[in-house]
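Trainee: Each chain, letter by letter, is given below.
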Amino acid sequence: MNDAKILLADDDEELCHLLRDFLAREGFAVDLAHDGESAFRRAMEGDYDALILDVMLPQRSGLELLRELRRDNALPVLMLTALGEDIDRILGLELGADDYVPKPCNPREIAARLRAILRRTRGESEARLSDISVGPVSLRAASRSVSLRGEPVTLTGTEFNILAILLREAGHVVSKETLSQDVLGRPLGPFDRSIDVHISKLRRKLGNAADGKSLIGTVHRGGYLFRVVEEG
Amino acid sequence: MRSLFWRMFAAFWLVSVALIVALAWSTTSNFETAKIPGLGVTRLQAAMDDQLIHTAHELDQGGSDGLRRWLGGTTGYGPGTIYVLDAQRHDLLGREAPSPEQVASERARTRELRASDGARYLGVAVFEGSFLKRLVWRRPSAFWSNIVIAILISALASALLASYVAAPLARIRASARRVARGDLSARVGNLRYGRSAEMLALADEFDRMAARLKDLVEGQRRLIRDVSHEMRSPLSRLRVALELARAQSGGDAVTQLDRIERETLRLEELITQAIQLSRMETTLPGKVENVALDELVADITADAAFEAQARPCTLQITQSMPLAVRAEPDLLMSAVENVVRNAVTYTAVNSLIDVRLDRVDGQARLRVRDSGPGVPPGDCAHIFEPYFRTDTARQRSSGGSGLGLAIAKRAVERQGGRIHAANAEGGGLEVEILLPLADSV
Chain F
1 MNDAKILLAD DDEELCHLLR DFLAREGFAV DLAHDGESAF RRAMEGDYDA
51 LILDVMLPQR SGLELLRELR RDNALPVLML TALGEDIDRI LGLELGADDY
101 VPKPCNPREI AARLRAILRR TRGESEARLS DISVGPVSLR AASRSVSLRG
151 EPVTLTGTEF NILAILLREA GHVVSKETLS QDVLGRPLGP FDRSIDVHIS
201 KLRRKLGNAA DGKSLIGTVH RGGYLFRVVE EG
Chain Y
1001 MRSLFWRMFA AFWLVSVALI VALAWSTTSN FETAKIPGLG VTRLQAAMDD
1051 QLIHTAHELD QGGSDGLRRW LGGTTGYGPG TIYVLDAQRH DLLGREAPSP
1101 EQVASERART RELRASDGAR YLGVAVFEGS FLKRLVWRRP SAFWSNIVIA
1151 ILISALASAL LASYVAAPLA RIRASARRVA RGDLSARVGN LRYGRSAEML
1201 ALADEFDRMA ARLKDLVEGQ RRLIRDVSHE MRSPLSRLRV ALELARAQSG
1251 GDAVTQLDRI ERETLRLEEL ITQAIQLSRM ETTLPGKVEN VALDELVADI
1301 TADAAFEAQA RPCTLQITQS MPLAVRAEPD LLMSAVENVV RNAVTYTAVN
1351 SLIDVRLDRV DGQARLRVRD SGPGVPPGDC AHIFEPYFRT DTARQRSSGG
1401 SGLGLAIAKR AVERQGGRIH AANAEGGGLE VEILLPLADS V
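The listed protein sequences derive, respectively, from chains F and Y.
Numbered as in the working numbering, the first sequence ends at 232 without a single skipped number.
Numbered as in the working numbering, the second sequence ends at 1441 without a single skipped number.
In case anyone wonders, no lab produced these hints; they're calculated from the structure.
Using N, Cα and C, we set each Cβ at its ideal position, and we do this for glycine too.
No incorrect hints appear here.
Cut-off 27 Å, straight-line C-alpha distance, at most; resulting in silico cross-link-like pairs (DSS-like, lysine-lysine):
(1) Y:Lys1214 - Y:Lys1287
(2) Y:Lys1287 - F:Lys213
(3) F:Lys205 - Y:Lys1287
(4) F:Lys176 - Y:Lys1287
(5) Y:Lys1287 - F:Lys201
(6) F:Lys176 - F:Lys205
(7) F:Lys213 - F:Lys201
(8) F:Lys201 - F:Lys176
(9) F:Lys176 - F:Lys213
(10) Y:Lys1133 - Y:Lys1035
To give an idea of the interface, some chain Y residues facing chain F are shown, with a C-beta separation under 8 Å as derived from the structure:
(11) Ser1233
(12) Ser1236
(13) Glu1243
(14) Leu1244
(15) Ala1247
So these bits of chain Y aren't anywhere near chain F, every CB distance computed over 12 Å:
(16) Phe1031
(17) Leu1039
(18) Pro1079
(19) Arg1095
(20) Arg1120
(21) Phe1143
(22) Ala1174
(23) Arg1195
(24) Gly1427
For reference, chain F alone in the conformation it holds in the complex:
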């Protein structure tokens, strides 16, 4: 866990240096990028464990960078969104960010979220994971990969974890609170759309079941469930 390599992309250089110092004390090795272009290049080339990405970056905005990155890269991403810019938060999650922290933020919170993301994507909870197949979806714990009717599906770490929980409880409702607590490591706030956004992305990637409805069902005010439907 220690000395995870982190890329921090933020155009506020002074803040970057301060954060690097702070995160170093918390056991992270931090590299800096101050514009979207170089951040993207380094994220693609470098061997990083996670990316802290500010939404507002010169040359190439954080959201644009994220979209590019997510084409073929599952690098865990923690977004820094400007306080009160809720739309950025939703968009960021929509584009595949694993979590977000509003700015100005408590650096301890950044460290905590970072650890939570790394724990999830490094598969430290792998012990609880086992290979599961439900309907058309198969999940392989060891490779952290998912296939749909034999075809591989690219999921972000957060999406993978949500799907893992839903598959384990297939046929039963999992509350949004549980998902938020287990996957994001924090309680569900009022009007917190993070889980819903991740779910809607999962639905898009997994497509529909044989009966034409989504594999993941919504239970109003309850949560979500993975529907057990026989493939016809």
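The hints should help you fit chain Y onto chain F, whose structure is shown.
Mentor: Then chain Y, alone, in the frame of chain F:
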């Protein structure tokens, strides 16, 4: 707007009808009383003299029988009547003869008539004395249709004139009302009707004023927004530096660092709220959803219970029912949250805050009542203004950003609702929020 038109129309029409009557009166009065220059008789008298001359002519031509026929044909129309009296002062047609006073008046003329058989008569032309009686009495039917046509024409003219004045005024007024409601983009624009120079100038001045107002207000909002945005960067650095200082000081300055953190958080809260407020004032409404108000209120009350413990006071929902409203969920939440937090801030220590949700007149009604000092009655509307504090609130330095209720008001009004505050009976302030219900309920 319509009432302005109708009022002006009625005024113009009344004036024009009065004018018609006055004109009629003045011409007839001129006809009756003004003497023809050089003759010493009025036009009325001259006309009556002419009638009598004609009467004499008829008598001369047709004798008394012919005169009788002719007289019979003339009687019954108009305000003038010709009598032909014989030596016994009996009318030739047997009508009641005019009295000697009538005959002697200014409104009667006489003439000696002599028939070819030597019979002598007295021709008397009498003109009805009362103006009103003359106006309505024994008119030919064409007279009334003329009156109706005149009144209709004057009505048409009045309507045109009224709309010429009322239409542009109504437009300017509608624009002014929109500006007053906060829509600073409202303009009069091109006037289609009533393009008089004064109205065009007025509309133009109004538009210029509205544009200037918009510039000023937007400039101010932009300034607030930009200042708030700019303050976030140093704040971010400050918070990281603070954590570094905490780590490096090794616990020597914990009290001071805690204090710095508290003040930083407070600054952050102020900025967040200023941004939130300016966003609500500058952006268009976002996505509207059906929101379960009762659940939202329950969630917020549960969250605020933590702050309530610190005061300490008790938050209690004493009345609730399932109600769905159409709203932007996050804004509605911040509205309710700010009202509840305001109550927690100002209620007396160890007192009760009463939250009630019900339905009234097809609207959802949320009432939050604290047990604090209330506000001076004149301040009830002002507490929703940004940074407004009552004198008591100022003295207590109760914390808070001074924007909470302003945000609540903007947020509620954006959802088409209303918010107001009043001192409750038995003390304390009660804030009431009214919201339109979702259609599906």
